[in-house]
Amino acid sequence: MKLFHGTKFTFDTFSVDYPGTGEAGNIHAIWFANNFTAARNHARQVGNYSQCWVYECELAADAVLMKADISLNQQPAIQKQLTNVLPVCISVQTHYDTLFADYFRFNKIDPEYHDDHEITLLRHAGIDAIYDYERGWQDAHLHGATTVVLTPEKIRILAVHDV
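If you're matching positions, the sequence shown starts at 10 in this note's numbering and goes up one per residue.
Rather than coming from a laboratory, the hints here were simulated on the basis of the structure.
Wrong hints could be hidden among the right ones.
Straight-line C-alpha distance at most 25 Å; calculated PhoX-like pairs for lysine-lysine [what the hints assert, rightly or not]:
| hint | residue 1 | residue 2 |
| --- | --- | --- |
| 1 | 89 | 163 |
| 2 | 17 | 163 |
| 3 | 76 | 11 |
| 4 | 76 | 89 |
| 5 | 163 | 11 |
| 6 | 76 | 17 |
Between the sequences and the hints, there should be enough to build the whole structure, so can you do that?
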């Protein structure tokens with residue numbers, strides 16, 4: 010799967026140690042667009058920098074990819090991983106959007122930390138990436154689905170474009 014990451018910074022490898030420098034992507038994961046234009050637009054919109062880059066990348070073929078836009082019962086391998094690892098109140102849910110609702114309510118986790126806590130639990134369950142993470146909530150300038158990669162080792166940089 011080809012992915013594109015727009016940024017103001019240059020680097021040799023991706024890391025989850027630097028949570029988003031973007032609009033609201035403050036989670037310990039890496040945000041990608043599904044096309045060059047979207048990544049370039051993101052890089053140009055965020056912050057006040059004179060130069061930006063688009064990283065053209067590839068997600069490893071063996072990466073475990075959860076698709077947020079379809080029901081979990083249509084992703085039996087993902088559903089099995091979640092059932093085997095996560096607490097029952099999470100793993101019995103049928104769709105990504107409701108996956109953590111009971112868990113957060115029961116544990117009274119501050120909403121400010123929901124997204125990062127969710128990412129940590131999914132990473133623990135062996136999920137490497139989530140396709141269509143924003144499910145239509147992405148800004149109009151993004152021009153397509155967002156993939157969030159939880160495991161940076163599953164990303165291979167193909168090219169870096171100065172934009």
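For each hint, the structure was consulted:
Restraint check for residue 89 and residue 163: the C-alpha separation of about 21 Å stays at or below 25 Å, so the hint holds. At most 25 Å may separate the alpha-carbon atoms for a hinted pair to count; residue 17 and residue 163 meet this at roughly 22 Å. Annotation: proposed proximity of residue 76 to residue 11 holds, straight-line Cα distance about 15 Å (limit 25 Å). For the given pair, residue 76 sits about 14 Å from residue 89 by alpha-carbon distance, which is consistent with the 25 Å threshold.
Annotation: proposed proximity of residue 163 to residue 11 holds, straight-line Cα distance about 12 Å (limit 25 Å). Only pairs whose Cα atoms come within 25 Å are accepted, and residue 76 paired with residue 17 is rejected, the gap being roughly 28 Å.
Checked against the numbered hints given earlier, the structure breaks only hint 6 and satisfies all the rest.
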